[in-house]
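Protein chains: 2
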Amino acid sequence: MTQPQEQVNVTDTTAKLTELTVGVADLLGAIAYGELAAFEQLSRDSASAPNLAGRAALARMAAAEMAHYDLVADYLTRFGIDVEAAMQPYRTSFDAFHKIVVAKNWYESIIEAYVGDGLAADLYRELGNALDPETRDLINTVLADTGHADFAQREISAAVADDRILRDKLTLWCRRLLGEALTQAQYVVAERDDLATLMITAYGDMSGIAVLFKTLQQRHTKRMSALGLG
Amino acid sequence: MTQPQEQVNVTDTTAKLTELTVGVADLLGAIAYGELAAFEQLSRDSASAPNLAGRAALARMAAAEMAHYDLVADYLTRFGIDVEAAMQPYRTSFDAFHKIVVAKNWYESIIEAYVGDGLAADLYRELGNALDPETRDLINTVLADTGHADFAQREISAAVADDRILRDKLTLWCRRLLGEALTQAQYVVAERDDLATLMITAYGDMSGIAVLFKTLQQRHTKRMSALGLG
Chain G
91 MTQPQEQVNV TDTTAKLTEL TVGVADLLGA IAYGELAAFE QLSRDSASAP
141 NLAGRAALAR MAAAEMAHYD LVADYLTRFG IDVEAAMQPY RTSFDAFHKI
191 VVAKNWYESI IEAYVGDGLA ADLYRELGNA LDPETRDLIN TVLADTGHAD
241 FAQREISAAV ADDRILRDKL TLWCRRLLGE ALTQAQYVVA ERDDLATLMI
291 TAYGDMSGIA VLFKTLQQRH TKRMSALGLG
Chain C
91 MTQPQEQVNV TDTTAKLTEL TVGVADLLGA IAYGELAAFE QLSRDSASAP
141 NLAGRAALAR MAAAEMAHYD LVADYLTRFG IDVEAAMQPY RTSFDAFHKI
191 VVAKNWYESI IEAYVGDGLA ADLYRELGNA LDPETRDLIN TVLADTGHAD
241 FAQREISAAV ADDRILRDKL TLWCRRLLGE ALTQAQYVVA ERDDLATLMI
291 TAYGDMSGIA VLFKTLQQRH TKRMSALGLG
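Quick mapping for you: the protein sequence lines, in order, are chains G and C.
Letter by letter, the first sequence follows residues 91 to 320 of the numbering used here.
Letter by letter, the second sequence follows residues 91 to 320 of the numbering used here.
One or more hints might be untrue.
Stated by the list, open to error - Computed list of lysine-lysine pairs in DSS-like fashion (alpha-carbon distance at most 30 angstroms, straight line):
hint : chain 1 : residue 1 : chain 2 : residue 2
1    : G       : 189       : C       : 194
2    : C       : 189       : C       : 259
3    : C       : 304       : C       : 189
4    : G       : 189       : C       : 189
5    : G       : 194       : G       : 259
6    : G       : 194       : C       : 312
7    : C       : 189       : C       : 312
8    : G       : 194       : C       : 189
9    : G       : 189       : G       : 259
10   : G       : 189       : G       : 312
11   : C       : 312       : C       : 259
12   : C       : 194       : C       : 312
Hints were generated in silico from the structure; no laboratory data involved.
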């Protein structure tokens, strides 16, 4: 308060830059671990697919996740950040999510991957909008759909078209996934100071974050409709 | 025998071309299914890796297998052959192999992937030498090492350096893998006429095939040495 105006500005700018850099490493660490976890889920689902076409389709999507993982790892390496160190803080909560939310059949598996990927992509893209253009471009590239949307829409809408009970069950599954994902996301942000800072920088204040979560919810509902659910 | 010499030649050539084409589809079907099976084994191993670095390393190798799978699928599609149909005949015996041979720990898993990949690559490359240059190039590309050799050599030779009992156990495991793989390969060739034809075309006669199997055995021994086993 007693410092001259100019010096305050300089300090603020420096602080902001440092925070932003740290926040970016955090965000990319979360994205990288998300890609690795998505690889693992898709490859598990591939192994339990009902036919050879489904097996190969999911295996190719899993491979695409790892191609994205490589891009993030290379980007972090360029800034001297080790991708494994950046991922480490997210293991517990991401793994907890996958332990709590266990698909009981092929349809639930497909939906879990599709809905989970979609939610994560929406969240990270929104946060990415507040970042420098290069990081934003990287995020948009690595969150590009790996063909899962088309596949999930085709498989699920065909399965539920004439099966009202399956439709209702899968609708409940979708809602549960959203609830668990948002809960888990809030834990992560609460635990990771740098990520919380990044989020508040991007959204101004806590009311902005409420808007963000509402946006995520609306897009989730759209995805459910595309599957023939809801 | 009563036909004029020239007509016999024409018939022979036509027959040979058809057989070669069919044999190639068979061979590429086996390779494609092998890539998919390798993807599945590597992704399972990745999930049980003792650390994050191991998990990511194996996941990236699994992804590389699927990139190779895509190349084979595209090549078959160009010739109007459906990759799933081409893979179908190999499911039973390949899956049987993976059911019989079950790794009991992380080291056995790594060795299984490395030794299995190596044996398959040696076999397919030898057969590929008898084919047209384009198919041969494709085979050599898709059988290129996906980084597994280095990884396996590093992990295993470090683990056995000071552990004689582990070394002996893993040596036995390697020998068992070779035995089961050769047995399974002989079943496959015996069942698949087109593949048997391709093999006999490539090696002239059954004594040629004995030479081929001896070559595979020698290269397997070299791989064991590179792991610090044998």
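Going down the list of hints, with the structure as the test:
Taken as a hint, the residue 189 of chain G and residue 194 of chain C pair is honoured in the structure, with Cα atoms around 24 angstroms apart against an allowance of 30 angstroms. A distance of roughly 20 angstroms separates the Cα atoms of residue 189 of chain C and residue 259 of chain C; the hinted pair therefore holds under the 30 angstroms criterion. Using a Cα cut-off of 30 angstroms, the hinted pair residue 304 of chain C and residue 189 of chain C holds, with the two alpha carbons roughly 26 angstroms apart. Restraint check for residue 189 of chain G and residue 189 of chain C: the C-alpha separation of about 26 angstroms stays at or below 30 angstroms, so the hint holds.
A distance of roughly 11 angstroms separates the Cα atoms of residue 194 of chain G and residue 259 of chain G; the hinted pair therefore holds under the 30 angstroms criterion. At most 30 angstroms may separate the alpha-carbon atoms for a hinted pair to count; residue 194 of chain G and residue 312 of chain C exceed this at roughly 45 angstroms. As the CA atoms of residue 189 of chain C and residue 312 of chain C are separated by approximately 26 angstroms, the hinted pair is consistent with the 30 angstroms bound. Taken as a hint, the residue 194 of chain G and residue 189 of chain C pair is honoured in the structure, with Cα atoms around 24 angstroms apart against an allowance of 30 angstroms.
Pair hint residue 189 of chain G plus residue 259 of chain G holds up; C-alpha atoms about 20 angstroms apart against a cutoff of 30 angstroms. Restraint check for residue 189 of chain G and residue 312 of chain G: the C-alpha separation of about 26 angstroms stays at or below 30 angstroms, so the hint holds. Note on residue 312 of chain C and residue 259 of chain C: the hinted pairing holds, with a Cα-Cα distance of about 18 angstroms set against a maximum of 30 angstroms. The hinted pair formed by residue 194 of chain C and residue 312 of chain C meets the criterion: a straight-line CA distance of about 23 angstroms does not exceed 30 angstroms.
The earlier numbered hint that this structure contradicts is number 6, and it is the only one.
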